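Asker: One letter stands for each residue in the lines below.
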Amino acid sequence: AQSVSQHNHHVILSEAASLELGCNYSYGGTVNLFWYVQYPGQHLQLLLKYFSGDPLVKGIKGFEAEFIKSKFSFNLRKPSVQWSDTAEYFCAVNDGTDAGGTSYGKLTFGQGTILTVHP
Amino acid sequence: DSGVTQTPKHLITATGQRVTLRCSPRSGDLSVYWYQQSLDQGLQFLIQYYNGEERAKGNILERFSAQQFPDLHSELNLSSLELGDSALYFCASSPRLGSYNEQFFGPGTRLTVL
Chain W
701 AQSVSQHNHH
711 VILSEAASLE
721 LGCNYSYGGT
731 VNLFWYVQYP
741 GQHLQLLLKY
751 FSGDPLVKGI
761 KGFEAEFIKS
771 KFSFNLRKPS
781 VQWSDTAEYF
791 CAVNDGTDAG
801 GTSYGKLTFG
811 QGTILTVHP
Chain Z
4 DSGVTQTPKH
14 LITATGQRVT
24 LRCSPRSGDL
34 SVYWYQQSLD
44 QGLQFLIQYY
54 NGEERAKGNI
64 LERFSAQQFP
74 DLHSELNLSS
84 LELGDSALYF
94 CASSPRLGSY
104 NEQFFGPGTR
114 LTVL
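Listed in order, the protein sequences are those of chains W and Z.
Heads up: the first sequence runs through residues 701 to 819, numbered per our numbering.
Heads up: the second sequence runs through residues 4 to 117, numbered per our numbering.
Keep in mind that the hints were calculated from the coordinates and are not lab data.
Be aware that a few hints might be false.
Capping the alpha-carbon separation at 30 Å, the derived lysine-lysine pairs in DSSO-like fashion look like this [said to hold, decoys possible]: (1) W:K749 - Z:K60; (2) Z:K12 - W:K761; (3) W:K769 - W:K758; (4) Z:K60 - W:K769; (5) W:K761 - W:K771; (6) W:K771 - W:K749; (7) Z:K12 - Z:K60; (8) W:K771 - W:K758; (9) W:K761 - W:K749; (10) W:K749 - W:K769; (11) Z:K12 - W:K749.
Chain W is nowhere near these chain Z residues, computed Cβ spacing over 10 Å in every case [what the hints assert, rightly or not]: (12) H13; (13) I15; (14) G19; (15) V22; (16) R25; (17) E65; (18) R66; (19) S83; (20) T115.
Here chain W is said to cover these stretches of chain Z; the calculated rule only asks that three of the stretch's residues, wherever they fall, bring their Cβ under 8 Å from a Cβ of chain W [to be verified]: (21) 45-55; (22) 93-101.
The structure displayed is predicted, hence computed values, not measured ones.
Backbone N, C-alpha and C fix where the C-beta goes; we use that ideal spot for every residue, glycine too.
Can you make the complete structure from the sequences, with help from the hints?
Answerer: Below, the structure written as structure tokens:
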């Protein structure tokens with residue numbers, strides 16, 4: 701079974717600080733990887749995704765993530781955070797099978813990291 | 004706005020009761036997923052439907068059931084409710100079956116069981 705671990709439960713930063721949120725997954729096969737963000741009172745939104753190819757993935761709002769297969773990691777980064785980045789961030793995986801596989805795309809989520817950015 | 008709608012937004016009920024949560028996927032999306040978000044369990048996959056058929060099951064209790072109707076909206080039925088069922092229930096939709104599709108999430112239904 702897949703599992704996802706996010707190392708930090710709550711991260712507090714000042715504006716303009718750099719951000720790195722850790723995500724490790726446990727799964728022996730091919731995976732697809734996602735970062736979702738949940739702003740206060742809003743629905744989950746996709747920040748970025750990795751299916752294959754360049755392991756450095758760029759997403760919306762200046763976020764990027766790097767897939768390191770040997771470390772089973774997919775850490776989220778942003779060089780300079782803003783107050784508006786205050787939100788909860790979720791790492792998620794599904795197994796990289798196609799429509800003929802048995803996973804059908806269901807996501808396994810990490811516990812989430814709450815990011816608070818002080819102005 | 005993701006295009007996925009969920010009703011009601013909030014639901015307060017008592018233990019032992021039964022409730023129905025409704026989800027309308029984005030226009031054209033055939034696949035619907037249900038997730039439960041609670042403080043102790045985090046975000047967990049419950050069940051998935053594709054074009055009216057159940058396709059995958061996660062940690063869904065026997066007291067819970069779901070269906071997807073011909074117009075593709077889905078309902079999650081929760082019965083014999085317990086205090087521990089209090090959670091945020093999300094619906095997500097994607098265009099097709101399989102892992103290479105982005106899931107678009109609805110705003111969620113917050114269920115409080117008293």
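Asker: Please list, smallest to largest, the hint numbers that this structure does not respect.
Answerer: none
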